[in-house]
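Asker: In case you want the letters, here they are:
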Amino acid sequence: MAETAHGHVGSTGISNVKLGMWAFLGSECLLFGGLISTYMLYRGRVTGGPRPSQIFDIPFTSVSSFVLLMSSLTMVLAVSAAHKDDDRKTNLWLTVTALLGATFVGGQVYEFTAFYKEGLGFSTSLFGSSFYTLTGFHGVHVTVGIIMLMSLVGILKRSSVPGKKAEVVEMVGLYWHFVDIVWIIIFTLVYLIPV
Amino acid sequence: MAIIERPTPVAPVVVTPTETYGLLKRPVSSTGWRSWVFTVDHKKLGIMYAVTAMFFFIVGGIEALLIRLQLAAPNGKVLNADLYNQMFTMHATTMVFLFVMPMAAGFANYFVPLQIGARDVAFPRLNAFGFWALLFGGIFLNLAWFLGGAADGGWFMYAPNSGPVFSPSNGVDFWALGLQIAGIASLTGAINLIITVLNMRAPGMSLMKMPIFTWMITVVQFLLLFAVPVITVALFLLSFQRNFGARFFDVAAGADPLLWQHLFWIFGHPEVYILILPSFGIISEVLPVFSRKPLFGYPFVVFSGAAIGFVGWGVWAHHMFASGLGPVSVAVFSVATMAIAVPTGVKIINWTLTMWGGKLWFTTAMKFAIGLIVLFTVGGLSGVTHSIAPSDTQQTDTYYIVAHFHYVLFGGAVLGIFSGFYYWWPKVFGKMLNEKLGSWNFWLMIIGLNLTFGPMHILGLQGQPRRMYQWTEARAGEGFFNLAFWNLVASIGSFILTIGILFFLINVWVTSRNPQKAPLDPWNARSLEWMTSNPPKEHNFDVIPTVHHLDEFFHRKYEEDEATHTMKQITTAEELIAEQERNADKHIHMPSPSYWPIVLAFGLPVITFGLIYSYLIAVVGGVIVLFAAYGWSLESSTAPESDFENPNSSTELVKHG
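Which chain is which? The protein sequence lines are A and B, in order.
In terms of my numbering, the first sequence has 911 at position 100, counting the first letter as 1, and numbering is strictly consecutive.
In terms of my numbering, the second sequence has 1609 at position 227, counting the first letter as 1, and numbering is strictly consecutive.
Hints may contain errors.
Just a few of them, taken from the derived set where beta-carbon distance is under 8 Å, the chain A residues facing chain B [stated by the list, open to error]:
hint, residue
1, Ser822
2, Leu830
3, Gly831
4, Gly837
5, Ser838
6, Leu841
7, Leu852
8, Thr872
9, Ser891
10, Tyr927
11, Gly930
12, Ser934
13, Ser936
14, Ser940
15, His988
16, Ile992
Sample of chain B residues lacking proximity to chain A, with all beta carbon distances greater than 12 Å (derived) [claimed, not checked]:
hint, residue
17, Val1579
18, Pro1585
19, Ser1773
20, Asp1779
21, Arg1849
22, Glu1963
23, Ile1999
24, Ser2015
If you are wondering where the hints come from, they were derived from the structure by calculation, not from laboratory data.
For clarity, every value in this text was computed on a predicted model and none was experimentally measured.
Backbone N, C-alpha and C fix where the C-beta goes; we use that ideal spot for every residue, glycine too.
Construct the complete structure from the given sequences, taking the supplied hints into account.
Answerer: Right, dumping it as structure tokens:
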């Protein structure tokens, strides 16, 4: 019991850092819950601006969603390599995950630009405000994930990770999978279900 | 068991940092102001939380007195309408977010690790970060007073009144962003304490052997974990509307202002249980100790606390009965509101039966605990009247509501906190608070608060609305129920209440100058935090105790006499602690102090300040946050073994960070 924080396995048998990440993700569910509720309330209120069906490019977003979901697979491979203490492969898969995530964010930036040109600004309508806020928050979460992944690659190279490496990789992995799962919900509710 | 030579008291060892993290080396000082500013010790942070909360209690109290001065007589001239709006908004915001919540966090930080037999919390640096974020958030909130006026929309800041049209000053921006920072502090604190309780209990301490205070704090942390993100969303929507032109509450664009009310109260109703449950926990510790009996029905108190935590999520719309929700919603939320009175009633019965037949010892702590039972029940009963929607519609936005929530919050939460002060003062500071001054403190507060908030029931039922900056003689009415008389009584009461609280501050000052040390176990207490020295050592326990009973400390002191079936004392606290010292663990590795928590927390108000005034400043804040985050994650929470090597003593026993 004397050792604290990283790598410590306590009464539950799960380490503090991992359990802490689970608790944080529980909290994040309510954050996205609030944002999604706001969007669902306002998605039909366009006041003269474009309607969702007029601007959404479902095939394009499907492809970028697929890219994001594939990044969960590469994240699993990174965690698995970390558990085997294979630094080279861990670095490789973490980098690939980050690149796939960056592709998704790139797609989102392109999409936002296209929507803006088609007349949907942040202040155009309630639909615009709530759409950009919801998907923007998700995009920021992916971006933070990418920063964590790239930092992890840098730290692993210097091999100065405080605590167990696999533990830290797994913790970032939990976050990454969560962000992906949230996107499945957002993609379904925002893009696939017509207003 | 091997016999270990009794360790001699060890002077704090200076740690020599070998590695640089980011640009900074680990702080090394274990004395002076640095030992507080860079500390990660849960006990020091607990005290810092409590001092901060006390400061904001005084600030919020002065705001309350100004409000009562304004309302003492017709056509009050103390404040103008605008300043009055700011005053009641900031009074509520300060008391809720900057006094009761941090005070509960202070108690939780200090006592949860001690009660579960741990040496620190799960994430010591996150703990420090939470405190600094709260402090900076609180200061940021109050900066608005000096920069064009504070927030003025009431503490629940209803839309569209909170929009730039009706609240043109930056007050609401400071309010929204300051609460975001305080929210981050609450969230990190919640995660930290949940993991601490789940993962760091002493061997043998199952969940149903946990002290009841720790249980209530755990329920509160789960409420915070899930409630804080909801207000985070609401505050983001508000900030985006005010600063970036979003339309969320813009009725002209077809917006639904009720969205804000729902989001706010989905947070706001769990929030009231966040405020009251820590005090329930405190008095559930105090009542058994001063009744010389175990808590009556421990599992019922635990599960009713958890039940409050669950049902607390299903009653939020009773704050919105007047908004036209429709009959079905109103009926559902009425019934849920009546239902939540049940677990609370269970608790009241348990406390009463704990005292029943006990050998009552009327210390100040006990008096405050009994005060809570009585006055919280008064507030609880007026609360149940709100569940009757037609009656509530009549009372909405009147002083009746103000009377209700001051009875539950002052008569409940605040009295519980004061009970905790008197009960745990000898544990934290090694000195007993003066009981005679305590008696003055108690009685003046009780008289003052009943005189202040009792008449508000009458004022409200007579129709005096909340948030009106003046009332006029012409509309005061006549006879026993006239507004003029009861407003004056309430104002006089608020000053008696203030004198009562001054007695507490005087008591603290007198006690600090009193050289007499408190005995180790002055109250003959029951739970593990008392099985440490006064104040506890930096590492809390020389030996991590193995737990066999609920009320472990009591069961170590007392044994059942087989013949008479009574409990008889077999040992004293002094002997138990001396035995611990004899068997002290040889290597105790405590987490080391760090610069990063305060640096990271400082970045947050810089960002929010920049969002209001200049994005350039926000970028600077962002760089600070990023820089601190990297320094933090590269630094391990405990200094490496080599740092502790001290050439002068090879047999180091306790390693201080």
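Asker: Can you give the numbers of the hints that this structure goes against, from lowest to highest?
Answerer: 8, 9, 10, 11, 15, 16, 17, 18, 24
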